[in-house]
Amino acid sequence: MLGFSAALVQAYFQVVPPVAYGVCMVCHPRDLFNWLADHLLHISWDYSIASTNWPLLTAVGVVLGAWVAARQHGEARARPARQRLSFFIYGFLMINFGLVLGSCPIRIVLLTAYGNILGLVGLLAVIVGVVLGTLALRWNARRAATRGATA
Amino acid sequence: MTAALATLILGFIIGYLGQRSRLCFVSGYRDMLLTRDGNLLKGVVGGFCGALAGFVLFYFTGGNLPEFPALLRTPDLDSARAWITTIVSGLGVGFVGVLAGGCPFRMHVLAAEGRRTYWFYLLGLYLGLIFFNLVTDRFFGG
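Just so you know, the sequences run in chain order A and B. First residue of the first sequence: 13, per this note's numbering; consecutive thereafter. First residue of the second sequence: 3, per this note's numbering; consecutive thereafter.
Just so you know, the hints here were simulated from the structure itself, not pulled from any lab data. Backbone N, C-alpha and C fix where the C-beta goes; we use that ideal spot for every residue, glycine too. Any given hint could be a false lead.
Pairs of lysine to any residue, SDA-like flavour, derived with a Cα cap of 20 Å [what the hints assert, rightly or not]:
(1) B/44 with A/72
(2) B/44 with B/19
(3) B/44 with B/68
(4) B/44 with A/17
(5) B/44 with B/77
(6) B/44 with A/140
(7) B/44 with A/132
(8) B/44 with B/54
(9) B/44 with B/15
(10) B/44 with A/16
(11) B/44 with B/33
(12) B/44 with A/143
(13) B/44 with B/23
(14) B/44 with A/136
Coverage of chain A stretches by chain B, computed from C-beta distances (three or more under 8 Å per stretch; other residues unrestricted) [unchecked claim]:
(15) 25-35
(16) 67-81
(17) 91-97
(18) 106-120
(19) 137-148
(20) 151-161
Isolated chain A (complex conformation):
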C-alpha cells in the first residue's frame, strides 16, 4: 500500500521531481523545514522542485496519523525519556547521512523499484550497514554479559 501510494502521488499528484519521491522521511522534513526557513526567515536553503509552491507535509501527516491511531487504541501516553543524548546524536547523524544519500530507508526502496542503479547500490549499502550495526549490538551485549559474569 505504501509503495503503491508513493507511486500514485508521483504519477498523478505532482510529487515530482525528483523521481521516486512519494515518501521520504528525511527529504520531506528537509523540504518542509527549509521551505519554512525560506518563506518566514528568508534563508535560502535548498528544497526540492516538488515543494516549490507548497511544502511537502508527509512528516506532519505521519505524526498526526500515528497519534490518532495510538489514541484510538489506547497506546498514546507520555513515557519518560531515556538515553536522551544518544538518541539526539542518532537523529543528528541520521539526517546528515540520509540527506547525503538523498533518501531515507523507505525512499531508497522506491528508487530501487524505479530502476535507479545508485538506488540499488544505496539499498545494499543500507542493508550492509544494518548488518554491521546488528553485529555491533551483539558484540556490545556479549561484552556486557562477560563483564557481568566476572563482576
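Chain B: place on chain A using the hints.
Same frame as chain A, but now just chain B:
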C-alpha cells in the same frame, strides 16, 4: 497545493497504518538477522513490490514518470563521487538506524505515541538539518 495535500493525506494514512503494524524499514532487516523473524521484512518487500507495481501500472496509464525505468539512464552513474557518497552514507543510515532501533519513519511514529525518548531523536534530526544546511551540504551535497 496538490502535492502538499497529497503528501499530508498519504502521510496520515501511512502514519496510521505504520503505528498499527509497527512497519519499519530498518527493523525489518535487523529482526531477520537477529531472530529470523521475517514479519517486518514482509512490509519492506511489500513496499518494494507495491512501488514496482505502481510505477509499471502508471507508466502504461500515462502517469508522470520521467525516465522510467531509470536503469542505465540513472543520473551520475559515471561519477565515482556519487558511488562513494552513496555507499558511505548508505552504510551510515543502516548503522545509525540499528543503533536508534528504527528508520526515521518509525521514529516519527514512536514520537507521536508520546515516547519522549524519540522526541529527543526528532530534536537531533531537525537540529541536524540546520547543521546539514550550513556544513555537510557544502562538502557532500548534490
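Handout entry: Hints not upheld, ascending by number
Key = As far as the earlier hints go, 1, 3, 5, 20 are violated by this structure, in ascending order.
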